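Visitor: For the record, the sequence lines run as chains A and B.
Just so you know, we're using numbering that gives the first Met the number 0 here: the first sequence kicks off at 0 and counts up by one.
Just so you know, we're using numbering that gives the first Met the number 0 here: the second sequence kicks off at 0 and counts up by one.
Keep in mind that the hints were calculated from the coordinates and are not lab data.
Quick caveat: nothing in here was measured; it's all calculated off a predicted structure.
Check the hints yourself; a few may be wrong.
Identical chains share a label here; the pair holds if one copy fits it or two copies do between them.
Unchecked claim - Computed list of lysine-lysine pairs in DSS-like fashion (alpha-carbon distance at most 25 Å, straight line): (1) Lys473 with Lys420; (2) Lys255 with Lys393; (3) Lys413 with Lys255; (4) Lys193 with Lys393.
The lines below spell out each chain.
Number of protein chains: 2
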Amino acid sequence: MAGKEGYQTLYRHSKAAIWLLLYLWMACFSLPASAEEKPNILLVFLDNFGWGEPGFNGGGVIRGAATLSIDRLANEGLRLTNFNVEVQCTPSRSAIMTGRYAVRSGNGTVPLGEGVYGLVQWEVTMAEMLAEAGYATGMFGKWHLGRTEGRFPTDQGFDEWYGVPNSTDESVYSSLPDFVESGLSETYVMDATKGSVPKKVRPYRLDYRPLIDRDLTDRAIGFMQRQAEAGKPFFVYLPYTATHFPTMPHPDFVGKSGNGPWSDLLLQIDSYVGELLDTLDQLGIAQNTIVIFTADNGPEALSSGESSMTVETAIHGSAGPWRSTLFTGYEGALRVPFAMRWPGKIEPGRVSDEIVHEMDLFPSLASFSGGKVPSDRVIDGVEMSGFLLGQTDKSGRDGFIVYMGNDIFGVKWKNWKLHFKEQTGWNGVLREYTMPRLYNLMSDPQERDNVLFPHTWVPKAALPQLVEHVASLKKYPPVPTGATDPYRPPNQ
Amino acid sequence: MAGKEGYQTLYRHSKAAIWLLLYLWMACFSLPASAEEKPNILLVFLDNFGWGEPGFNGGGVIRGAATLSIDRLANEGLRLTNFNVEVQCTPSRSAIMTGRYAVRSGNGTVPLGEGVYGLVQWEVTMAEMLAEAGYATGMFGKWHLGRTEGRFPTDQGFDEWYGVPNSTDESVYSSLPDFVESGLSETYVMDATKGSVPKKVRPYRLDYRPLIDRDLTDRAIGFMQRQAEAGKPFFVYLPYTATHFPTMPHPDFVGKSGNGPWSDLLLQIDSYVGELLDTLDQLGIAQNTIVIFTADNGPEALSSGESSMTVETAIHGSAGPWRSTLFTGYEGALRVPFAMRWPGKIEPGRVSDEIVHEMDLFPSLASFSGGKVPSDRVIDGVEMSGFLLGQTDKSGRDGFIVYMGNDIFGVKWKNWKLHFKEQTGWNGVLREYTMPRLYNLMSDPQERDNVLFPHTWVPKAALPQLVEHVASLKKYPPVPTGATDPYRPPNQ
C-alpha cells in the first residue's frame, strides 16, 4: 500500500498529466488551423480525355500504353466511376472553378468569337477561395476562361500562371498565312504573376505544341518545391494540354510505346504523373497532399460511326463502354476518369459509382481546406467531404442537369437519363423530342433503348430537380455571356 | 583441434550427408513427377460473359455490382486483355477442350438440329490429356459438345460430371405445351461418372434455372475437397450457366445488388468465385492451384443499335469498349475477360495485351501438368507457358483466323483486323466485301473506320497465316459435322 509520500507523488504526476492534456486539447481545438493542418491540393486536369483511357478504367494496355503511375494513384486512393463534368472545355472549366453550372456564369459554350468572354470578376473561383484560406495558388496550363485584361488566371485568384489563355486548336492554325492575313491576333504562351500584366513568352505554334506539357510539369514541380520549403499549403491547378488535338507527344516519348502517337502520349502523361507523385514523396509531403486526377470532358473523336475528326493528327479517343464524344449529352461526354488520393484519410482501393459532379469539388475542397463557400450566390456543388473520406457511402447527389452549350439536353437521375435533345457526336445532327427518351445507364451504357414505357415513373422522380433549377435561374439571372466588368447579377 | 575420433565422426557424418544429397537429387530428377509437383487446375468458364463485366476490366460497379473476388483473383495473378475465343458456345467449348479450331472437329456452329453432334471419340480433350497425366478430372456445368451416348463429358475424359448436355435456352422452353407436343425430347440435368450411363436428375426448366449454378459450385467444392484429401492433383472444369439468358439469379441474390437481376447475378458469380478461392485456402492448396477465370464468348445482347433480345429476362451485357455481341467477328465477340492465378509462379498484378487464344490453354496446361500434346494431328494452340509465367513478354502468337460458324470472317493480326465478312450483331445482316475492310483495334476499338488505304501492307503481313491455315485444312480434312463414331479423319 502507498504511504503518504506515495499519494503526494501520484498527486503531483496526475496534476502534471491534467495540465498536459489540457494543453494538447487547446492545441488541437482552440488554436487557428496551422499550415501543417491544411492539406496541399494538386488537381491534374486533362483535356478531352475519355473515361476509357487509363488502366484503372479498363484502358491502359488496350490503348497501347500501361498507365502504371495513374493506376497507382487510383489504387492508393478513391476511384469514382461516375464523376461527371460539363461537356465542353470552357463550361467544364467554369464549373470546376466556381462550383456553379457554367450557364450561371455566362460560360455555357466554348467561345468562338473574338469578344470579351470568360469569368467576370464577381465570380469566386476555387483559387480565390483557397488563396483566402491561406493557400499559395499556382496554375500551369490551359485556362479558356478569358483572354483579355482582368480575365487571366492571375486576375482570378492564382498567384502564378504559366500556360495558354485559350485552347490548343490555336497551335494548329495561328501561323497559317490565311490566319495571319485575317488580322486575328495570334495566341501566346504566357507567364504571369498576380498583380502584373502577363508576359508573352512565345507564340503557341506547332513547334511548341509537343513541348508545352513538359514545361507545365516542370513549373508545377518547381512551385510545389518552393511552397514546401516555405511551409505554405499550396493549390496547384494543372490543366494539361494533353490529350487535345493535335496529338503530338514530346520528342522524349515519340515511338516509346511502339503503338503510335496516341499511346506515346498516354505514356507521357503517365510519366509526368509519376514525376509529380515522386516529387511529393521527395518533399515528404505526400501524406498531406490531396491529389486529384481527372479531365474536363470526354474524348473528341471516336470511330466514324459516331464522330470522326479530319485533323490529321487527331486519333480516336476511348470513352470505354460509354456512348459518344464531347459536345453531346451522352455518358461518353459526361463521365471522365477520376482518382483522388489522400493518404491516411482516404482508404486505398475504394471504388464508387455514386454520382459526383465537378461542381462538387469546390465546396468539398473548401471543407478540407478551411475555405469559405460564398453565401451570396447560388452554388450548385454539393459538399461531400464525408463521402470522399468514406464516412458515408452516399455522395448526396442524385443527379444533375445535362447541359450542352446553353441548351438543356436532359436530366440524369440515379441510373437513368432523360433526354429532351440528342446529338450523336460533336459534329452530329441535333434531334429534338416531343416525348423525352429514357435510358437505363446501368443495363444500357450505350444509351440506345428508350425505356420510357414502362418506366413512366422516372420523369416524375427526375424532373423536380429540373423544375427547381429553372426556377433558380429565373430568380437569380445568370451573368450574360460577354458581360464586361464590373458586373454583378441582380438578386445576388 | 579434433582428434582421431573427431575425424571419424566427421567422416561418418559427411558420408551420410552425401548419401542424403544423392537421394534428394534422385528424388528431384529421376523419379516420375510426384502428385505434389503437379498443380491443380480450376477453370471457371462463364457463358456469354462480356469483356466489360468484371471490375478488373473497368466494369463491376458501373454494371451495378462490385466484383471483389474476381478482381482479387486478377490482382493476385495475370490479367490478359486480349484473350480470344471462338464466337459461339459450341465452337468455343470445342476449341478450348481440344486446342484446335472448332471447324477441324466439326463443331463450327451451335447445333440447331436434333442429330448426332459434338466431339467424336477420336478427339483428345483437355480432360483426357490431364487424366492421362494422373489428374482426377471433374466437370460441373454446361457441355454443349454432344448429347448422345458416347458423347457426354464422362465419355471424353472426365471422371465425374454434373450439369446439362446442351445450353440454357432449353430451360426456357422445354416445358412449353407446344414443345411437349412437338415430340422433341426434354433436356435433363445429369449426374454421371466415367463408365456408366449418365443419370437424369431432373428436367432443366425455369424452376431450376436460378438454382443450378449454386449446385455446380457445391459439386466443384466437394470434388476439390475429395481430391485434396486423396492427395491427387485435380482438374476442375466449371462451365457455369451464368450469364446465359434467361437472367435469373439465385433466390439468395435476388435484390441483393439493388440494381436489378443482371447485377444480382454478377454479385452471385463473384460470391461463388470467392467460395472457390476460400476453399483452396481452407484446403491449403491455393499455392499449388492454377485458377483461370474466363468465358466462352462475348455478350449476347447489347443496346438496340447493335443487337437486342426479345427474351423477357435477357439484359444487355457489356463488351466494354469493344464492338458488338457473340456470333460476330468483332472484338466484342472475340475478347473475353481473363485472369489466371498461380501463387509463387505468376507475379501478382501483371497485365498483358498480347494476343492469346483459348486454344493455347491446351498445350500450355499440358506443359504445366506434364501432360502429352497429341502429335498425330493438327494442334492450333501455341504452347506459351513461358509467357504465362512471365519469363517472356511475348505470347508467341501474332494472330488467328476469325471464324463465325464455319465461315472465315476475317484475320486478326497484331493490332489489326481484316474483315472479309461482317455481321453487326448476332441477329444482324451479313455483309460480304469484295475488298476486305481493315480496322486498327488500338485506335479504333469500335471497328468502324476502314483504313485499308493507306495500310495496304497489313494484308501482306496478315494473310500468310490464313494461306497456311487453309492449306492445313486441305491436307488434314476436318471431322465432318455430325460424324458418327468410330470416326478417324484421313491423314491423321
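Visitor: Could you check the structure against the hints above and give me the numbers of any it violates, in ascending order?
Guide: 4
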